[in-house]
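Enquirer: Each protein sequence line maps, in turn, to chains A and B.
Counted from 1, the first sequence has number 59 at position 59 by the numbering used here; the numbering is strictly sequential.
One gets the numbering used here by counting positions in the second sequence from 1 and adding 113 to each.
The hints are simulated quantities; they were obtained by calculation from the structure and are not laboratory data.
You may find that some hints are simply not true.
Stretch-level coverage of chain A by chain B, calculated; a stretch enters the list once three of its residues show a Cβ under 8 Å from a Cβ in chain B [as the list claims (entries may be wrong)]:
no.: 1; segment: 45-51
no.: 2; segment: 101-112
Simulated restraints, written as ranges between beta carbons of each label pair [as the list claims (entries may be wrong)]:
no.: 3; chain 1: B; residue 1: Gly-129; chain 2: A; residue 2: Gly-16; range: 29 to 37 Å
no.: 4; chain 1: A; residue 1: Met-54; chain 2: B; residue 2: Asn-223; range: 23 to 31 Å
no.: 5; chain 1: A; residue 1: Asp-26; chain 2: B; residue 2: Gly-175; range: 28 to 36 Å
no.: 6; chain 1: B; residue 1: Asn-125; chain 2: A; residue 2: Asp-26; range: 37 to 45 Å
no.: 7; chain 1: A; residue 1: Met-54; chain 2: B; residue 2: Lys-190; range: 38 to 46 Å
no.: 8; chain 1: A; residue 1: Pro-61; chain 2: B; residue 2: Gly-166; range: 19 to 27 Å
no.: 9; chain 1: A; residue 1: Lys-3; chain 2: B; residue 2: Lys-213; range: 16 to 24 Å
Even glycine gets a Cβ: it sits at the ideal position worked out from N, Cα and C.
Each chain, letter by letter, is given below.
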Amino acid sequence: DVKVTQSSRYLVKRTGEKVFLECVQDMDHENMFWYRQDPGLGLRLIYFSYDVKMKEKGDIPEGYSVSREKKERFSLILESASTNQTSMYLCATNAGTDTHGYTFGSGTRLTVV
Amino acid sequence: AQSVAQPEDQVNVAEGNPLTVKCTYSVSGNPYLFWYVQYPNRGLQFLLKYITGDNLVKGSYGFEAEFNKSQTSFHLKKPSALVSDSALYFCAVRLYNFNKFYFGSGTKLNVKP
């Protein structure tokens with residue numbers, strides 16, 4: 001089975017801090033995605049990547065950046081954390097063929113105080 | 114614009130009764146349709162998908178879903194609910210040859226003993 005690992009389950013950071021959320025997958029999938037999940041809003045796509053050193057903006061990229069230096073690792077960066085970035089962050093991967101769904105990590109619940 | 118609607122924030126059902134969680138979509142092109150389930154403080158898990166063929170698809174844990182092209186719906190069903198089915202359910206759509214998913218806002222299923 002594909003395993004998608006997010007380094008932290010719970011994280012508390014202060015306003016203005018630079019925050020790194022890490023996601024690692026072990027199945028050589030080309031595609032990786034970062035979503036945030038908020039009650040009543042479902043999942044919203046922040047950034048995604050189809051290949052190493054490649055990134056594309058999703059629907060809500062403001063206040064975030066990403067890094068993909070290696071195929072297995074996709075990092076989400078909050079340049080200067082704000083309280084409205086308190087959320088559940090979910091990493092997902094897939095193999096890139098049309099019929100495949102996502103495999104998700106367990107999520108990181110980030111609280112910005 | 115592509116969109117997925119889950120019209121019910123919450124569905125309550127008694128154990129042993131049939132359940133339905135509704136999903137409708139609005140997309141341009143041929144959709145691939147998915148259902149995911151999320152247990153508390155966890156990532157999303159794949160339940161089932163419709164790609165092509167028979168409109169009734171069967172998935173994990175006894176769930177099934179019916180694709181209705183004319184009504185642009187993909188409702189999730191189970192003949193007999195279990196308390197352990199209580200969770201958050203997400204409908205998602207992916208367009209053919211386009212590796213991006215659109216998620217509904219989620220429906221919380223409560224199954225009472």
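Enquirer: Against each hint, give a clear statement of whether it holds in the structure.
Expert: Evaluation of the provided hints:
no.: 1; hint: 45-51; in the structure: holds (count 3)
no.: 2; hint: 101-112; in the structure: holds (count 8)
no.: 3; hint: B/Gly-129 x A/Gly-16: 29 to 37 Å; in the structure: violated (53 Å)
no.: 4; hint: A/Met-54 x B/Asn-223: 23 to 31 Å; in the structure: violated (42 Å)
no.: 5; hint: A/Asp-26 x B/Gly-175: 28 to 36 Å; in the structure: holds (30 Å)
no.: 6; hint: B/Asn-125 x A/Asp-26: 37 to 45 Å; in the structure: holds (39 Å)
no.: 7; hint: A/Met-54 x B/Lys-190: 38 to 46 Å; in the structure: holds (40 Å)
no.: 8; hint: A/Pro-61 x B/Gly-166: 19 to 27 Å; in the structure: violated (37 Å)
no.: 9; hint: A/Lys-3 x B/Lys-213: 16 to 24 Å; in the structure: holds (23 Å)
Checked against the numbered hints given earlier, this structure breaks hints 3, 4 and 8; the rest are met.
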